[in-house]
Amino acid sequence: MKTKHILSIFMLTISMLIVSCEQVLDKENLESINPGLVWNDPVAVNAFLNQIYLAVLPDFPHEGGYSDEAVGRSQLLPQLKGTANIDTWKNYWNYVNIRQINFLFENIGAGTYENETKKVIKGQAYFLRAWEYFKMVKAYGGVPLVLKVQNADEGDALNIPRNKTSECIAQIVADLDSAIANVPESYGDADLGRIDKIAAKAFKGRVLLYYASPQFNPSNDAARWQNTYKANKDALDAALAGGKGLYENFKDIWYVDLNKEWIFYKRYKAPSVVNDQMGFRPAIYIVNDFGWDWPSLDLVNAFPLKDGSAYNPTVAGYDTLWRNRDDRFYASIAYNGSDFGIKDLVDRNKYLWTYHQEDKPDPNQEAMQIWSVSSFYRNKGIDKSVDGGNSRKATSPNIDIRFAEVLLNFGEAANEIGKSSEALDALYQVRARAGILPGAGSKYGITAASKDDIRNAYIKERQVEFAFEDKRWWDVRRWRRFDLFNSLVNRHGLFITKKNPPFPEAKEDINLIYKQFVSHIVKTDGEEKFNILDKYYFYPLSKEELERNPNLKQTNGWDAGGFDPLN
Amino acid sequence: MNNNALFVLICLMMIFSFTGVSAQKAVTGKVTDNSGASLPGVSVVVKGTTTGTITNEKGIFSLSNIPENATLQFSFVGMTTQEILVGSKNSFNVVLAEQIIGVEEVVAIGYGSQKKVDIIGAVGRVKAEKLEAIPATNLSEALAGRMSGVFVDQSSGVPGISSNLIIRSASSWNDSPPLYVIDGVVLDKSYFDRLSSYDIEDISILKDAASASIYGSRATGGVVLVTTKKGSVGKPVITYDVSYSFQKPTSTMETLTPEEAVKFINSAPGPDYLKWDADEAASLKKTGIYHWLDYVDQTPTTVKHSLNVSGGNKNVKYFLGGNYLDNKGFLQNLGYKKYSVRGNVEANINDNLTATLNFSTGYDQKYQPNQGYIYDDQNDDLVNLYGWLYSWPSSFPPYINGKPVNDHWNGNYVERVKNGGYNRKSNQNTDVLVSLNYKIPVVPGLSVKGSYSLNSNLTNQRIFDKKTTLYDFYRLGSGSRIVTDSIIGVGLSPDPQIQKLSNYYGNSKSYQLNGQINYNRDFGQHHVDAFAVYEQYENTFDNIYVNHNNFSIVVTDQFNATSKDPVDQSSTGKQYEEARVSYVGKVNYSYASRYYLSASIRRDGSTKFGPDYRWGTFPAIYGAWRISDESFFKDNITFIQSLKLRTSYGLTGNDNVGGWLWQEQYGFGRGIYFGNSLQPSLQYPNIPVANLTWEKSKSYNYGIDVVVLNNLSIAAEYWTRNTYDILGPVEKLLPSSFGGSLPSSNYGKVDSHGLELEIGYEGKTAIGLNYHIRGNFSYAINNVIKKDYAVGASDAYNPNGKPTNYIVGLVNTGIIRTKADLDKLPAGYTVYGVDPSLGSLSFKDISGPTGIPDGKIDDYDKDVLSMNGIAPYTGGLTLGATWKGISLEAFFQGSFGQKKLYYDLQGRQADLYDIPWKHWKDSWSPENINAKYPRAYEPGNDLSFMNYDSDFWLFEASYVRLKQLSLDYIIPQTITKKVGINQLRINLTGTNLLTWSKWKLYDPQLRSYATYPIMKTFTMGITLTL
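The listed protein sequences derive, respectively, from chains Y and H. Our numbering puts the first residue of the first sequence at 221, with every later residue one more than the last. Our numbering puts the first residue of the second sequence at 467, with every later residue one more than the last.
Calculated from the structure, these hints are not laboratory results. One or more of the hints may lead you astray.
As the list claims (entries may be wrong) - In silico PhoX-like links for lysine-lysine, alpha-carbon gap of 20 angstroms or less:
(1) H:Lys1215 - H:Lys1162
(2) H:Lys1466 - H:Lys1398
(3) H:Lys975 - Y:Lys247
(4) Y:Lys247 - H:Lys1040
(5) H:Lys741 - Y:Lys743
(6) Y:Lys489 - H:Lys1030
(7) H:Lys1322 - Y:Lys301
(8) Y:Lys755 - H:Lys1322
Because the structure is a prediction, the values reported are computed rather than measured.
Between the sequences and the hints, there should be enough to build the whole structure, so can you do that?
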């Protein structure tokens, strides 16, 4: 080849390269959608709202160990034994979702689609913002109220001090009122599960119930109870008008989809939208999990008998533990010899045997592996259709607000403003649904008459009605009744042993063989004792938060405190 | 060896083994070294042709048909090449001088090469033969300690896992990895690690910014330049290497003896179910402790084969090589395999045009037992699985009468490793580089070069999760610790929770296109060379992941066998693309090899940054002065043969940030279940940073190179680096009520500086023993100048004024040994809310929420425990000697001044569920109040504060190790020639043979004891040259 040709080919190639080069840098992001497309498309805006739902909706709870309801393999938490520090509750402080809700409010106006669609989306967003703030306020009292999207370059203006608790509650109520005004009474089939008016009203009732309760209202300001009564009455009326009510079969509330008890809830669908229920199962069926929500004997004892009277463990022996209790007992507690019904046992054609053996090898060796510190398992609401291997893909719903709560919130407020008959009637309804017999005078075993007694009846009723529904700790705190825990001193369980063969057949009737077992009461947390301090009625701000924002004041009662959550 | 590869090689060898001959008269001669000893094997070539021969065992050569105007070239490894004009002589006595270290070597630098004498930047170099003997499975590891300023962090010994390489010091809290350039093509580290050491000619490391700056926006971390082997003119040389290694962990931890363990556990406070009863204790004493790891471990071995042929003639030079490596790991079903083939061919198309083709393809596979759900099967370093097996000393064996014991909870991890499925990750890469170099005849010294490189890499990962069949046995004892041999049940293991088969395919394809104009000419004493480069790079990547849960009938690793239910099947995929465009220019000028001045500039554009911020310019300038060539110096100072002073300044960048951060991104999220369907969700967008750009480093380098007393060479460098625009989150400056994951922005500053020293000495004794000593030493430290922290944070949490790797924790005030110690504590003294008790640790009260000590120990009492989380001082020392074909070399490597926190899988506490580690023997109890370790306590107990990071667990991690000891023996050619072998070399190498450290519990280089251990390796290798 001639030199000249080679040279010219070279030069040509190089010059072509240099001309074309800048285009090489025009690349597209193949991993996300163009921001310009989002806010003008109602489907995309709804998808953005859905993400907020995903982040905000509470998941299936397993918080029994945070109170006297249940025990786990680990011992008492610091917040129960008095060793909590300012970082113990740092996780309640979270503004990520709040920023995104504010971001939605700022951007939604830009879209050119119908205002009605926007209204419904905004209404739901108001509810979700109220939900997020209430989560913080019930923990800490007042927190900084951020209602717009802040820019990082705003300097010290970003260091917002804590708003008064009253201001926060007012904002939450205002947001809920906006939600009530904007969301529909109900949704079409495709959108069931979104926040409707009933859910918003019910949540407003809950918020006001907290605000009127002794935690926030130690001086017992009657006006707050009036407000609470009104809001809950409104919620109750709306729920009844919307076809809600107590679902007849207590146990099935969690298994019949969208039954009338459900008001605010999260549903799951395998394989992608699931919750983790591994720890509810005996260790033999699961992997490397410590176990959650093993019912404490203290909770087990709290369930009334079918005739409405209290179960008295000092008189009743072990053999009566599972006899003649109300429906909620069987729905909530799995005990030695009970038909637990989880897939692992069903597949093996077995009842649950939670005894320990002594001395002799046990042909039914498995019993020993089915071992709970208290010898009970949680039964309520768990997804029995999955086996241990799939138990991280459970799909039973979390019903965060159900009709019974609206009813009892209403009744509790009624009692505080002197409407004791309405208060008692609410209790009767709940008890009747639990299968308790009306008895003489149709009092369902309730003997309380005075305001104080009825309040105590509510405390007891909520303990068993809402067991394992992540209500107990917050209720007791709301009532300023940490003494209920501290006076227990320890959490308890049973230790059941069987000395000699024969060992029970897989499906033997416990009522026929109970005499072969011996049980004694054990302290499930060793020597550790309840010692919940009064200052835990309002949580402290974490070290990191205080360091980041110099304008924040610590909650009174904690070191270097300066913020009064009761204002 | 892979038979196909071998076959291809042999065919190719035959095709290329031709030589051209022409000429006139016969010449003969003898080659000796300067002691007069004859030199066999010296290559004698007629310059500019392929005519040539090698000297025989007496150093004699003869050639026929040689023209009188020809020049003979004599070359031999380690000797200075000599050229002699044939002229009228027919007989030659040639004396080859030994090469003075480094003088005539040519070193690759960015976009070209330079004679070592002319190098004016800080460039380190490793020759191939130094690497070949190292049994490392990846090249990074093989570089450890080889040169100053290069740090290799070999933190795991898992086959196929590469080591981190840091050049000089971390200049930012972000990762700024070195850039890897292989034959001029910028590739990522995995390519580098996959290269076979037998294919490499040499490796240059551009340490200073001025040298690295030619690679611009990604060069802050330094540049590793690799040149692969080329053929040279002469008869084909066939080399076959084989080596076999076996390994042993450098350290193992021991447990308490049965009696000690029972006594210890029973003395700890805690629930009864943790206590051993008398029967259990007696049984353990009788059987001893079963170490489950022993049932799955195996002696790790590595086998390497390499066959290559190189040679060439006037027109074509070639190198062809094939490699095979098989590394079996420390556990059964664990290992790494690698095959590769390379062909580098250079052809002179005419006098001015040269074409080269470098082709390489390879396949490698890492295979591991499946680690299962708990132990995250994506975790390549096996830290959890290995740690678990390691920390599972048990009272019963994993198998009874050959049947795997169901240990519930975790199933049986021994059986899991053997039969529980696998995790296999493989790469298949194909790399082609073609280039044309054209010397433009009309302008002397001017040439143009164009090259195109295509690199594709297919990644495949297959995970097979299989449940194992386990047996339940009768158990006795209150804790069921006595397992009898009678079977009472059989079932599938709970772990993995779900049996599945999944497959991941990743496809990365990139090209790099270069156009380069070079000018290189001498004008009398003036030398000028310059080049300009245009470089363009594009990369596309896409992957797909398919997962099928459950199996229809048979559990086997076929997709065909998996469940057909759509609920069990899922798949995901993603893709991205990126591009870069660069313009590079450089001018070198020197006068009389005495004064040097160079300047370079690079302009880079990258898709990682927004359109207005994507271009950056990176200049560098450097100069040097060889004083020793000045007459005033030469005439007066004779003991210094060479003295060169150098200095440089350069600006480099680091673009190691994810793409698209300058733009709001909405990803698609998980659906939410409303009504009867999953409704889509859009993930929250990031907060975009429109002006995101490169991190930049300004660096200065001052160097001196000296050769004294003929054989002692010293090179010293001092460098400083000022990195700014470091990308960092500014999150902590804002309260979290801001509510966003804040964008990172370019605001941080880190200064770093260091010293490097390399010394080499070569000598020879009267009996013909050659010896050499080479040492290198580095000091490097960085200092954060500007980094975000919470305004109210205590000094320990203020990163400014501290190195990037400092360690924070509580300051212990010892074990509370007696009642008197306890009483001495102030009233109300608690540690994280807990009252301390006898035998627990106590800590220093440094501060509190109001800034003054408050009598309570919590996070306010954390202090800086050590400024040196990584070693500021490192060094290497090589001692070697050669005598009549026998060479012995010892290489020591050390790092000094760093502290580490002790970690183990039992969480720094005695594991009462299992058998605790041996050191817990000396733990506090009322009978042993002067113990070294605090008291035992049950898991979950409040006393867990004792495990928090504190100086009680801090140890001095300095170490020196005999990194390599190797013995080479070349069988005398008088023997090997008889069987037609040119050279036969036998090599014995040991690595990591000895380690000296104050820290005894585990290898101080490991992150924790649970990590797969670093190995001692013993290797035997044979190199055969035909």
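Going through the hints against the structure:
{"no.": "1", "hint": "H:Lys1215 - H:Lys1162", "result": "holds (9 angstroms)"}
{"no.": "2", "hint": "H:Lys1466 - H:Lys1398", "result": "holds (14 angstroms)"}
{"no.": "3", "hint": "H:Lys975 - Y:Lys247", "result": "holds (15 angstroms)"}
{"no.": "4", "hint": "Y:Lys247 - H:Lys1040", "result": "holds (16 angstroms)"}
{"no.": "5", "hint": "H:Lys741 - Y:Lys743", "result": "holds (17 angstroms)"}
{"no.": "6", "hint": "Y:Lys489 - H:Lys1030", "result": "holds (19 angstroms)"}
{"no.": "7", "hint": "H:Lys1322 - Y:Lys301", "result": "holds (17 angstroms)"}
{"no.": "8", "hint": "Y:Lys755 - H:Lys1322", "result": "holds (17 angstroms)"}
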